[in-house]
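**Q** Here the structure of chain A is known, so what remains is to put chain B with the ligands in place on it, guided by the hints.
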Amino acid sequence: MSELIFEERADQIHVKGEGPFKLACNRESLAGAVSQRACVFCGSRVVLYPIADALHLVHGPIGCAAYTWDIRGALSSGPELHRLSFSTDLQETDVIFGGEKKLEAALLELIDRHAPKAAFVYSTCIVGIIGDDLQAVCKKVSAAKGIPVIPVQSEGFKGNKREGYLAACKAMFTLMGTGDTSDIGPLSLNILGDFNLAGEIWIIRDYFRRMGIETVANITGDGRVGDIARAHGAALNVVQCSGSTMDLAKMMKEKFGIPFVKVSYFGIEDMAEALYTVARFFKDKDPNMLERTQELVREELAVLYPRLQELRRDLEGKKAAIYVGGAFKAFSLIKAFRHLGMSVVIAGSQTGTEEDYEELAQICDPGTIIVDDANPLELSAFLKEKDVDIFVGGVKERPIAYKLGVGFCDHNHERKEALEGFVGMVNFALEVHRTVMSPVWRFVPRRAGNRPDASLACGSVEERS
Amino acid sequence: MSITEIDPLETPAPAPATAGPKPIKPKAEPFVSTTNACKLCKPLGATLVFKGIEGGVPFLHGSQGCATYMRRYIISHFREPMDIASSSLGEKQAIYGGAANLKKGLLTVMDKYGAGLIGVATTCLTETIGDDVPGALLEFRREFADLELAPVVNVSTPSYSGSHMEGFTAAVRAVADQLVRTGLKTDAVNCFPGFVSCEDLRHLKDVFAAFELPVTLLPDYSETLDGPALEDYEKITSGGTPVKALEAMGGAPASFEFGATLPPPGEAGTAGGLLAARHGVPLHRMGLPIGLRESDAFFQALETVSCRPTPRRHALERGRLLDAFVDGHKYVAQKRCVLYGEEDLLVGLTSFMAEIGVIPVLVAGGGRSGRLKDAVHAACEGLVPEMPEVAEGVDFYDIADKARELAPDLFLGHSKGYRLARELNVPLIRVGFPIHDRFGGHRTRHLCYQGALDLLDRVVNAMIEKKQTDSDIGYGYI
Ligand code: SF4
Ligand code: SF4
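Chains A and B are the protein sequences, given in the same order. Position 163, counted from 1, in the first sequence is what the working numbering calls 245; the numbers after and before it change by one each time, with no gaps. Position 212, counted from 1, in the second sequence is what the working numbering calls 253; the numbers after and before it change by one each time, with no gaps.
In isolation and in its complexed conformation, chain A is listed as follows:
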């Protein structure tokens, strides 16, 4: 591998096959290294944001709320309160004298204005420092307005996104056990850890419906406060993505005895396996479910395969790099790329855990670079070194790929294409194909190299003019 850029980060990078696997993770970002990571608040916001009939009030200065205004593609089939950006917009006097009064007044007026089913109040860095008593204010407003008003302890500096996930789970957990569960049947589940980006939850719910299962609560994409309050009545929790809602599943298991299974809806095997896992769980209650599920998978694959084969013809042998928020997603992506005849040569995440990375190292090919909490310098060096054809990441990664003349696929919370489910695999393959096969790479300087039609693209701008 090319030389290390930041010696301090040596143990956060591993090349599969070079020595025994060991990767440091869940560590504070290196100061000055331009981490791709966000903060605790970001983690909470990601998880809770899609609950569409709740008020999401950011208690802090304006930026934290402004930068998270409607940036996610989480769709709702009904109310859209989540798409507004509410803030207490703290001013100097609030910082000096405390922001509790303003918070209370803001909550009261916003609840009057929008009549939400519940309110989440996010604390930001500054609130943690000035020491506003969020609990007390929320309690008071809750009593006055008769809806749950839930503080989310998400001060940004208290760690990375993972801590934010936990804070969000704790906040949601306070809702559970309060709703009526009498009409929930035995073949029922909750969807955890899916955010309904581009309507993905609707795809998954439909599969479950075809299997004969009722979905009680979507947590949190297209989520409703009332559903979450009765989620404890479901027979099973299906948890996607190891990061965001695993804590909630564990809490629910402990308190309500609801078992959970871990799944992924990305790619063919993982999607099918997710459905089979659920079917196996219910096989005693409904002996025909497994059969129905097989039928469903067969039907879907019959449509999917021929299309994939077509695309694969072009993509065979191309190389991909993955840098995503949670590491779990990377597993599915690696398998998905294999279906396209492609190999993954870089795999990394912002917030992977030790177990995540170990699993990742297992399924990667030898030579793959595995990295935790990377930054633009490292990512660009890796992309060049491995000469990849496509980079999968989020908004901040996109310009790195494009500057290097590398294709790109958005696979984060802002994506507008449904990538889950069997249909999602087709969408994914199409998107990969669109970018990898684009003619524009013929012309970019790094690729144009020895092409005769690219003489102008070589060398620096100065030399040309």
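Don't take every hint at face value.
Unchecked claim - Restraint ranges, calculated between C-beta atoms of paired labels, are given here:
#1 Lys507(B) x Glu162(A): 22 to 30 Å
#2 Leu86(A) x Pro269(B): 23 to 31 Å
#3 Tyr137(B) x Glu467(A): 35 to 43 Å
#4 Pro161(A) x Pro255(B): 53 to 61 Å
What the hints assert, rightly or not - Within a straight-line C-alpha distance of at most 25 Å, the following computed DSS-like cross-link-like pairs (lysine-lysine) qualify:
#5 Lys252(A) x Lys335(A)
#6 Lys401(A) x Lys145(B)
#7 Lys466(A) x Lys145(B)
#8 Lys401(A) x Lys468(A)
#9 Lys222(A) x Lys252(A)
#10 Lys104(A) x Lys221(A)
#11 Lys252(A) x Lys344(A)
#12 Lys153(B) x Lys468(A)
#13 Lys252(A) x Lys153(B)
#14 Lys133(B) x Lys144(B)
#15 Lys240(A) x Lys133(B)
#16 Lys466(A) x Lys401(A)
#17 Lys367(A) x Lys417(A)
#18 Lys183(A) x Lys227(A)
#19 Lys417(A) x Lys401(A)
#20 Lys468(A) x Lys414(B)
#21 Lys344(A) x Lys417(A)
#22 Lys221(A) x Lys252(A)
#23 Lys226(B) x Lys145(B)
#24 Lys344(A) x Lys332(A)
#25 Lys153(B) x Lys466(A)
#26 Lys276(B) x Lys240(A)
#27 Lys240(A) x Lys145(B)
No wet-lab data here; the hints were simulated from the structure. Because the structure is a prediction, the values reported are computed rather than measured. Yeah, the Cβ is synthetic: ideal placement off N, Cα and C, and Gly gets one too.
**A** Relative to the frame of chain A, chain B with the ligands by itself:
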């Protein structure tokens, strides 16, 4: 549908009768919460300024989240890499102070990125815990006196007192304050253009060149945030104003400073004011050259400073602009427009819209300079039947509230007004920052005669398109 729809001579629909403009704020019951802010936070403006200096790396002193969010936000407008370093404070540092992380971060950026300059902006967190950044920087220089250190400029940018525009202005001033050396002479004039697009910056450079005036632009991110496709990923994007040029700004023959709502020009206010007070550089302060008259003011100042007449090329551009004013006037006559965004930009755009005969009915900004109203009224003087309503410190909840009542024909502003424009079914002409839902927002030209012509084309075409879309027939000639 009546046939008169295609008649360009038609009388425009009468404005809906309103019972006189209602004040937006203060309301009967003042709202304390903000819904869909019409502003961003203070350090964001500062990071853009530092990105406009050669070798410049913006550095946020605070926890990691702020830097990451701002990067994301800026990247989605410019579609370019925007690396912002952070001191990545955690819980311990938040309690015991962040100086150690700051120093460590600075070393990392100098060493690994090879920064030519680091611009440190504070965040709400470090302001609240009271970190002494200038003190930490002094210590830093002492501790590492044996190393060759890049210059560091710092600016205090607590978001609880001011928006991204105050952060922008403060960072420009901080550069003039901390970087400029006495006793240097230069032929280059200074230009502080404000927060304009990359295309605007390039156009400004052309204009100065046409007057044969060498210019030091602060900031100049026209290349760093709109770079060419290159062979390699640049650690630090090339372009930006050289630090050497900035150091010599005190010896410049003149400064041009744009912005109708900037703080008064004394030393404490702006870069131009500081250079005038401290180094005796004559200051030409004017609004952003948007529209005819504001551009005229700029060109007049250019004539004065350069002692030469406006070059033929630009005189012709002015002529063509006027010609287009006439050709297009009926399509836009008496259309009612809502404008929102940053204050300086708002004043310029309002001035331009009033010139072409559009009636600005609401001019709304999230900033709180206290100077917007006077500036807008001055810009509209003599051109409009009635002064537009001017609202400061508002959010999109307020703007929506008012706009529904005013029934405008079009919106002029950044992407954040999209939902409202969609609700009211009126065209939104995207200008300023941020533009997340269109391509090429950073390449939009607003300034000088050419920028005015670009804007005019877009406004007129938006009106024509609306007419075509709304018509059952779909006229091919309009
Ligand atoms: S804490 Fe302050 S600086 Fe950071 S994002 Fe929020 S408003 Fe901006
Ligand atoms: S202030 Fe804190 S909570 Fe807000 S964006 Fe910055 S790190 Fe996150």
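**Q** If a hint holds in the structure, say so; if it doesn't, say that too.
**A** Cross-check of the supplied hints:
1. Lys507(B) x Glu162(A): 22 to 30 Å: holds (26 Å)
2. Leu86(A) x Pro269(B): 23 to 31 Å: holds (29 Å)
3. Tyr137(B) x Glu467(A): 35 to 43 Å: holds (39 Å)
4. Pro161(A) x Pro255(B): 53 to 61 Å: holds (58 Å)
5. Lys252(A) x Lys335(A): OK: lysine 252(A) and lysine 335(A) at ~14 Å, within 25 Å.
6. Lys401(A) x Lys145(B): violated (36 Å)
7. Lys466(A) x Lys145(B): violated (28 Å)
8. Lys401(A) x Lys468(A): holds (8 Å)
9. Lys222(A) x Lys252(A): Measuring from Cα to Cα gives roughly 19 Å; hence the hint holds.
10. Lys104(A) x Lys221(A): Violated. Lysine 104(A) to lysine 221(A) sits at ~46 Å, over the 25 Å cutoff.
11. Lys252(A) x Lys344(A): Given that 25 Å is the threshold and the Cα spacing comes to 19 Å, the pair holds.
12. Lys153(B) x Lys468(A): OK: lysine 153(B) and lysine 468(A) at ~21 Å, within 25 Å.
13. Lys252(A) x Lys153(B): At roughly 40 Å apart (the allowed maximum being 25 Å), lysine 153(B) and lysine 252(A) break the hint.
14. Lys133(B) x Lys144(B): holds (16 Å)
15. Lys240(A) x Lys133(B): holds (9 Å)
16. Lys466(A) x Lys401(A): The hint holds at about 12 Å.
17. Lys367(A) x Lys417(A): violated (32 Å)
18. Lys183(A) x Lys227(A): holds (16 Å)
19. Lys417(A) x Lys401(A): Roughly 13 Å separates the two Cα atoms, so the pair holds.
20. Lys468(A) x Lys414(B): Between lysine 468(A) and lysine 414(B) the Cα gap is close to 57 Å, so the pair fails against 25 Å, i.e. violated.
21. Lys344(A) x Lys417(A): OK: lysine 344(A) and lysine 417(A) at ~17 Å, within 25 Å.
22. Lys221(A) x Lys252(A): OK: lysine 221(A) and lysine 252(A) at ~16 Å, within 25 Å.
23. Lys226(B) x Lys145(B): violated (36 Å)
24. Lys344(A) x Lys332(A): With Cα atoms ~11 Å apart, lysine 344(A) and lysine 332(A) stay inside 25 Å; holds.
25. Lys153(B) x Lys466(A): Cα-Cα ~18 Å, so holds.
26. Lys276(B) x Lys240(A): The given pair, whose Cα atoms are some 30 Å apart, is violated under the 25 Å limit.
27. Lys240(A) x Lys145(B): Holds, because 20 Å separates the two Cα atoms, which is no more than 25 Å.
Against the hints set out earlier in the document, violations occur for numbers 6, 7, 10, 13, 17, 20, 23, 26.
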